[in-house]
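2 protein chains.
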Amino acid sequence: MAGVRRMDLGEALALGPGWRHACHALLYAPDPGMLFGRIPLRYAVLMQMRFDGRLGFPGGFVDAQDSSLEDGLNRELWEELGDTASAFRVERTDYRSSHAGTRPRVVAHFYAKRLTLEQLQAVEARAPQAKDHGLEVLGLVRVPLYTLRDGVGGLPAFLENSFIGAAREQLLEALRDLELLEPGSISNLKIPPSK
Amino acid sequence: MAGVRRMDLGEALALGPGWRHACHALLYAPDPGMLFGRIPLRYAVLMQMRFDGRLGFPGGFVDAQDSSLEDGLNRELWEELGDTASAFRVERTDYRSSHAGTRPRVVAHFYAKRLTLEQLQAVEARAPQAKDHGLEVLGLVRVPLYTLRDGVGGLPAFLENSFIGAAREQLLEALRDLELLEPGSISNLKIPPSK
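Chains A and B, in that order, are what the protein sequence lines are.
Taking the working numbering, the leading residue of the first sequence gets 1, the next gets one more, and so forth.
Taking the working numbering, the leading residue of the second sequence gets 196, the next gets one more, and so forth.
Just chain A, with the same shape it has in the complex (with noise of 0.2 Å):
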């Protein structure tokens, strides 16, 4: 994306007050389930609809309560995801990376979290609930990570949907970081271009 800047933690963190601080997670947890009974699915990816119709990752700003970015990032989940959030936290130890340059004085942290496939359908099935749902989240899906035998359909259509900020380069970044595609398949898969 034009003008985004990876930067490290600690560069973020000495940005000075003038600057807003957000963290998003990617939820994810091994799924050994098969689509049609032949294509593994290997792992379920969350991501979210949100309410200006583009596709982001669960989470938000840092208030000046928060007393860290975790803190933060987790209230953030609970208020968008509802009480299953509790059932796990988000720590320093998942962080993943720092993107400035989406917005003026905006830094964004991501964050990558390993739940169980049970803790992850949890979420799935108590998100109704949650106080954001139907505001400013309208609605959890799960990222396809296979291509289908059109070439197409799944993860290359999928990342042709909108996204907000970096969500969608941080979501290459993870899926390749994590390893959760099929070896080999990141560097054959055709990436459209972001918008």
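It is worth saying that the hints were derived from the structure and are not from the lab.
Where a beta carbon is used, it is the ideal one built from N, C-alpha and C, also for glycine.
These stretches of chain B come out as covered by chain A in the derived footprint (C-beta under 8 Å, 3 or more residues):
(1) 246–254
(2) 311–325
Which stretches of chain A does chain B cover? Using the computed rule of at least three CB atoms under 8 Å from a CB of chain B, they are:
(3) 21–35
(4) 40–50
(5) 119–132
(6) 141–154
(7) 159–172
Got chain A sorted already, so can you dock chain B onto it with the hints?
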């Protein structure tokens, strides 16, 4: 969409045995909620993220065993949305339109069913336990019917996502014909061209 032809139901039913019939339904309910305490939601309208990474409406192909288009549609709704879909039935009176041409020898019939908000919330709450969840259906999302102050966020950005077949045209037709948007706003809506 290029090559898509609208036809009436009589013409579609006379197409002969070489054609397959698909039926999909827009489920909606009046929603008195306000986003950020000031933007009226008007209606909750459901779509779903499909296994192929595109947005569509719940439904699917009618089988030879189905005794009518609506029997096939309600069977598919039950598989995709779970047993709350048996709390209502989509009927011929909910029929809206038929389109041919998105795939060879397939005609897609479209229905819109008005629910109470409680019925729609029950569908959302139960959908993660449906047979097809995490497989053919990756999650339900509500459609934002408003446009944010920037003129893009909300329905215009939502319409830039990836849609299957005639789903985007079916959505726009239903929003207009059922008068789900704020009066006068559909003519002002900057609708991005379909991809």
